[in-house]
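From first to last, the protein sequence lines stand for chains A and B. Letter by letter, the first sequence follows residues 0 to 212 in numbering that gives the first Met the number 0. Letter by letter, the second sequence follows residues 0 to 212 in numbering that gives the first Met the number 0.
Calculated from the structure, these hints are not laboratory results. Do not take every clue at face value.
Note: identical chains are not told apart, hence a pair may lie in one copy or across any two.
No more than 30 Å apart at the CA atoms, straight line, and that leaves these computed lysine-lysine pairs for BS3-like [what the hints assert, rightly or not]: (1) Lys38 / Lys198; (2) Lys38 / Lys204; (3) Lys198 / Lys97; (4) Lys204 / Lys28.
Number of protein chains: 2
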Amino acid sequence: MSDPPLFDESFRQLLNQLFLWRRDVRRFKRDPLSDELLKDLLDLACLAPSVGLSEPWRFVVVRSAAIREEVRTEFTRANEAALGGYEGSQAEQYAKLKLSGLEEAPVHLAVFTDRSTTQGHGLGRQTMPETLDYSAVMAIHTLWLAARAHGVGVGWVSILDPVRIGTLLKVPHSWSLTAYLCIGLPEEEFDVPELQRVKWERRAKRGECIFSR
Amino acid sequence: MSDPPLFDESFRQLLNQLFLWRRDVRRFKRDPLSDELLKDLLDLACLAPSVGLSEPWRFVVVRSAAIREEVRTEFTRANEAALGGYEGSQAEQYAKLKLSGLEEAPVHLAVFTDRSTTQGHGLGRQTMPETLDYSAVMAIHTLWLAARAHGVGVGWVSILDPVRIGTLLKVPHSWSLTAYLCIGLPEEEFDVPELQRVKWERRAKRGECIFSR
Numbered sequence: 000m001s002d003p004p005l006f007d008e009s010f011r012q013l014l015n016q017l018f019l020w021r022r023d024v025r026r027f028k029r030d031p032l033s034d035e036l037l038k039d040l041l042d043l044a045c046l047a048p049s050v051g052l053s054e055p056w057r058f059v060v061v062r063s064a065a066i067r068e069e070v071r072t073e074f075t076r077a078n079e080a081a082l083g084g085y086e087g088s089q090a091e092q093y094a095k096l097k098l099s100g101l102e103e104a105p106v107h108l109a110v111f112t113d114r115s116t117t118q119g120h121g122l123g124r125q126t127m128p129e130t131l132d133y134s135a136v137m138a139i140h141t142l143w144l145a146a147r148a149h150g151v152g153v154g155w156v157s158i159l160d161p162v163r164i165g166t167l168l169k170v171p172h173s174w175s176l177t178a179y180l181c182i183g184l185p186e187e188e189f190d191v192p193e194l195q196r197v198k199w200e201r202r203a204k205r206g207e208c209i210f211s212r
Numbered sequence: 000m001s002d003p004p005l006f007d008e009s010f011r012q013l014l015n016q017l018f019l020w021r022r023d024v025r026r027f028k029r030d031p032l033s034d035e036l037l038k039d040l041l042d043l044a045c046l047a048p049s050v051g052l053s054e055p056w057r058f059v060v061v062r063s064a065a066i067r068e069e070v071r072t073e074f075t076r077a078n079e080a081a082l083g084g085y086e087g088s089q090a091e092q093y094a095k096l097k098l099s100g101l102e103e104a105p106v107h108l109a110v111f112t113d114r115s116t117t118q119g120h121g122l123g124r125q126t127m128p129e130t131l132d133y134s135a136v137m138a139i140h141t142l143w144l145a146a147r148a149h150g151v152g153v154g155w156v157s158i159l160d161p162v163r164i165g166t167l168l169k170v171p172h173s174w175s176l177t178a179y180l181c182i183g184l185p186e187e188e189f190d191v192p193e194l195q196r197v198k199w200e201r202r203a204k205r206g207e208c209i210f211s212r
């Protein structure tokens, strides 16, 4: 074991900026991402917390142009179905939103949770088995922050049928899709979420979500 | 909008150290945590990504000594039930593990996901509604990293019945427990997970979880 690192005020201020400027990116440049950087980001993701040290995350880099095309088709289908749930001006506004960068992003990364893993020997997941999926979510979030620190953007595409994506990618049945990510250089950088910039929604007031008992 | 911050190599190296030295802490000093720091950490947590900008996280700071005692009782009950699932030497080993810092940690923080929130107008969560819970998970992970940068430890207690905790804390029925956290100064700092140090489990080999298609 080495000595613990010292995190000082200047690091904390930059870390806060990282949280503030991390974005869900849907507008990517087409520049490729180096395999080395992707590998580094995936290694960092594996430092995330996991219930019982189960490390249930499984990363699938989707390189096949044919599969990527099928994923885009799946997105279009699911997004049209979602549009059907809105009416009037909200439907008009929804139709104009750009909700994925599947076309432009150089990297497609599917992240699964292996629900059958025996790693961790089931510790900590008897009463809350969903913590297995949550572990993969924290790996994704780790990758997201690490990417942003390299100026690389990540967009989480959730408008997909998770079972169909698993089938397309021919993964084991015990793997559950946690996220489908687009990764690449963002076209622009913002400290305000796109959904707020286009007035779909705005952030809640500070402190509104804090309660005590 | 201000200019985007510049994250350089020295920041990235320290960020990697943060990922490496973040721990799930179960051994806390009893020193109190200032309300101001807790408030700052909760404000940072709210910068996490959320599906459709729904910000579904609800933080409940558990200050009541009576409720904290009841939570400890709930943990003991759930942990004894979990122990019943192991046999032989594994049961002996499980019984010796320290799996929560509920007794010593100065702060108990329950984090819920409000599954009834209309914020975000349902965007992005038709095919994968669990992304609402995942948003709260990323808020928790944000708080975890921000805390560690202050030398403050976080421990996630998942060995609890989530419905009973919601009842104890008298939260709305639509709030689902995502995590129950202990927060405070750690007794010691390590770069290796406690479950690996005590030989319950070890990390997977690097790269083993990466696939391509």
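Checklist line | Violations among the numbered hints | finding: 4
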